[in-house]
Structures are given as C-alpha cells and as structure tokens.
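Novice: Letter by letter, the chains look like this.
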Amino acid sequence: DAGVTQSPTHLIKTRGQQVTLRCSPKSGHDTVSWYQQALGQGPQFIFQYYEEEERQRGNFPDRFSGHQFPNYSSELNVNALLLGDSALYLCASSESSYNSPLHFGNGTRLTVT
Amino acid sequence: AQSVTQLDSQVPVFEEAPVELRCNYSSSVSVYLFWYVQYPNQGLQLLLKYLSGSTLVKGINGFEAEFNKSQTSFHLRKPSVHISDTAEYFCAVLRGGNTPLVFGKGTRLSVIA
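Residue numbers (my numbering), protein chains in the order written: chain A, 1 to 113; chain B, 1 to 113.
Honestly, the hints are just simulated from the structure, not real lab data. Heads up, some of the hints might be wrong.
What the hints assert, rightly or not - Simulated crosslink set (DSS-like; lysine-lysine; CA at most 25 angstroms straight-line):
| id | chain 1 | residue 1 | chain 2 | residue 2 |
| --- | --- | --- | --- | --- |
| 1 | B | K69 | B | K105 |
| 2 | B | K69 | B | K49 |
| 3 | B | K58 | B | K69 |
| 4 | A | K26 | B | K58 |
| 5 | A | K26 | B | K69 |
| 6 | B | K105 | B | K49 |
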C-alpha cells in the first residue's frame with residue numbers, strides 16, 4: 001500500500017518563474033494538505049483541499065494556489081517565485097474527519113536562485 | 001489562536017539514557033495533540049496522538065507522551081534512547097473544527113554513543 005508520494009523530489013528555479021508540485025495521497029484518503037518547511041523551522045500550513053475545493057487556507061499570499069483532482073491527487077502552484085520561497089514543501093493526506101492524523105510524503109525541496 | 005511551544009531547540013543525550021522532549025500549547029478549547037518525527041531528508045512520521053481517553057499515550061519506537069490539561073503540556077518521553085532516534089521531533093496541536101494542524105518549531109534530538 002503506497003503512502004503519500006510527491007514529485008519531483010528536488011527542483012531548482014529562478015526568481016520570477018512559476019513552479020508546480022504534485023502529490024498523490026495515501027490510498028483511502030480524500031483530503032490533502034500542503035505545508036512549507038523552511039530550513040530549521042516547523043512546517044507552516046499553506047492550504048487544505050477536500051472534494052476538489054480549498055477548505056482551509058493559511059497565511060500565504062495569492063501567489064500560492066492549488067488544485068485537487070477527482071482522484072484526490074493535488075497540485076501546488078507558486079507564481080512569481082521569490083528567494084524566500086526556497087523550502088521543503090510537504091504534502092500530507094488524511095481521511096475527511098477533522099482529527100484524522102496527517103500522513104506526510106517525503107517532500108519536494110525547492111531552491112530559488 | 002493557538003500556538004505550540006517546544007521549549008528546547010536541541011537536546012543531546014547519551015545512548016541508553018532517558019529523554020524528555022517538552023511541548024506546551026496555548027488554547028482555550030479542547031485540543032488534539034500529536035508528535036511527529038522527521039529523519040534527515042524525509043517527511044514527517046506520526047509517533048503518537050492524543051484524541052481522548054487515557055492521558056498517557058504510547059506510540060511507536062518505544063515513545064510515550066502524557067497529556068496534562070492543567071499545565072497545557074504534552075511532553076514526549078523515552079526511557080532508553082538509541083542512536084537511531086537521532087532526528088527532529090515536532091509537537092503539533094489541532095483545535096478541531098475548521099482549523100489546521102499547527103506545528104511547533106521542533107526539537108533536534110542527538111543521541112551520542
């Protein structure tokens with residue numbers, strides 16, 4: 001049973017470019033959350049998707065957007081990249097119950113130069 | 001608003017010694033509490049969770065945590081650590097309802113041979 005898978009594992013982009021990160025949830029999970037983890041910090045909540053809709057959103061600018069597909073997979077898009085967007089981006093899936101534990105993928109390491 | 005404070009950013013401990021990683025949270029309502037572990041270049045793995053019931057929670061890899069409502073704490077303990085326990089540990093709080101899982105900044109556990 002595959003867990004949460006994310007692609008790509010590493011990515012290097014230039015300031016101003018756009019990036020798309022992808023996530024496939026654990027089998028049986030229908031909710032996907034995205035977190036940004038800067039070096040030496042805890043994960044910061046970006047947003048959560050359920051039934052193809054954004055259910056919750058953290059304190060991130062509109063440059064960060066997402067999508068969830070009918071098969072529950074998800075994408076995170078970041079436009080107009082800044083140097084400060086360099087981080088590990090973590091996808092987590094869960095069941096729809098609000099206290100269902102999150103299961104994390106190994107993340108995508110984004111470097112903006 | 002809720003926040004999570006991990007009181008120690010780094011904890012060095014000798015192999016086979018006991019360890020306690022401290023976590024305090026602030027919330028005026030009932031919460032659900034989690035501990036996650038992150039090994040180098042990996043995502044987060046759930047160690048244990050407190051949703052309700054017994055305040056002493058046992059998790060994987062010999063870890064346990066105790067929920068103390070009066071002190072708003074959820075400290076993580078292990079009676080005898082191994083080299084393989086070297087990792088970053090994150091405490092996380094979920095208030096319930098339409099709120100995201102909030103993480104502390106993490107505690108780096110270094111086990112010394």
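Novice: Each hint needs a verdict: does it hold in this structure or not?
Specialist: To see whether the hints hold, each was checked on the structure:
no.	hint	in the structure
1	B:K69 to B:K105	holds, 21 angstroms
2	B:K69 to B:K49	holds, 15 angstroms
3	B:K58 to B:K69	holds, 17 angstroms
4	A:K26 to B:K58	holds, 24 angstroms
5	A:K26 to B:K69	violated, 33 angstroms
6	B:K105 to B:K49	holds, 18 angstroms
The structure does not agree with numbered hint 5 stated previously, though it agrees with all others.
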